[in-house]
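**Q** Below are the chains, spelled out letter by letter.
Number of protein chains: 2
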Amino acid sequence: MPDPESRDIRKLDLFSQMADEHFTSLMRGAYVQNFPAQVELITEGEPSDFLHILISGSVDLFSSWNGRDTSMATVRPISTFILAATIKDAPYLMSARTLEKSRIALIPSQDVRAIFDADSNFARAIVMELAQCYRSVIKAQKDLKLRTSLERLANYLLRQQRHAGGVAVFELDFEKRRLASVLGMTPENLSRAFKGLQPYGVTVNGTRITIGNQADLEHFAKPNPLIDGFTS
Amino acid sequence: MPDPESRDIRKLDLFSQMADEHFTSLMRGAYVQNFPAQVELITEGEPSDFLHILISGSVDLFSSWNGRDTSMATVRPISTFILAATIKDAPYLMSARTLEKSRIALIPSQDVRAIFDADSNFARAIVMELAQCYRSVIKAQKDLKLRTSLERLANYLLRQQRHAGGVAVFELDFEKRRLASVLGMTPENLSRAFKGLQPYGVTVNGTRITIGNQADLEHFAKPNPLIDGFTS
DNA sequence: CCGTCAGATTGACTTTTATCAATCGATTTG
DNA sequence: CAAATCGATTGATAAAAGTCAATCTGACGG
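Protein chains in written order, with my numbering: chain A, 1 to 232; chain B, 1001 to 1232.
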């Protein structure tokens, strides 16, 4: 693996505190590969042979049942995915596919588990990462169970806006069809939901969103740190 | 804390492999309390001062937003709850209330974090527990996003039946209103959903469920290990 | 034993969401 | 450039789920 990439991975919370020797050992066993867009990297149900680290590009985590499918999350660089399955040595619960050309490091799950046993700083980092992931999913579940699709969209826009620095005009970082799937609705419904937010000052032009009246939208959306998580 | 209870707690995966000395130290700092039914033990948003261990009774984890609320999970003995918040030293994302008279051990979060640093077997157990919790929530989310309420109910019944040993007649272990909330629907809708399963051989009498035609129900429900989790 | 009460059920109705089909628009491709 | 294509949008309709109000039922206390 090229040195600069290794250094970037080292900076991740998951790896930043572990012993040099252990990190080097992990990286020695790692493969790095470039994938084109729309490649299925992982299929749910398969054994979890590798911890994946997305170095560049983006990856969709999705799941299927009975002919339907839904997007569970999008992974953006630099971060790992499928840590829980790796650690538990259990089958993947989600499939993963590249959304664009992506560069991905693959660390054999066995190595991760071995170093986890040997390096208590790494073990602690894994705990923190898993706790974080768990809390994220709990928030997503609250979002799904407590809000209508219009409310989910409104809050999504506010989160996205915050992520963009709080400006009034920003870009969606999803294709709309995937956004619909992430929010748990159909693309048709998403179109209508955008219209439903017009009275609160939201205008849409392609992927460009304008929030014309911040207070109005927030009054409708009622964002909450325990769901939308400005903190932890 | 009485000795037999301490022994039962010791048997939990979370504590079974740790050093005696550390376990004793954790238990020394623990409080054990009896609570009546319908007591709110934890309110979401509050700092997480204690890891909770349910010794007997049952506890509902729920969450509220904008005047609505939803039941996220039910905790049954013997198990811990709110581990992630304790570890992260972050606010609770869910509230908890006793469903019946319950006996609960409270371990100061600080102690848990200290022993976590000192005992690598404990750290490993925490990782496993968190990974397990994470995967459970992912499954719940797939259930919510990929299935209609009728399908969720059908699969819930099959899970419950398996839990009861696979017999044709078994009892719901929830009040129906809470079951409705767990499944993400209204009590009225749950009533109708039970009727909707009659064509597949399901009959209901109070909390007593009879599955008259196993094959029919399974054909409709299409249970899947990656959602309904007979394995891990 | 009767009245009370809470949860469950039912019916009527509304709202929300999905589905299907058609169209639009932008981009790609031969 | 023109045709093809894919995603987004729109309209019409259907299905799913929620709401509100009334009734039923069974457990409990007086």
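Calculated directly from the structure, the hints in this document are not laboratory data. If you're wondering where the values come from, they're calculated on a predicted model, not measured in any experiment. You may find that some hints are simply not true.
Calculated lysine-lysine pairs in the PhoX-like style (CA-CA distance at most 25 angstroms, straight line) [unchecked claim]:
hint, chain 1, residue 1, chain 2, residue 2
1, B, K1139, A, K88
2, B, K1195, A, K88
3, A, K139, B, K1139
**Q** Out of the numbered hints, which ones does the structure contradict?
**A** 2
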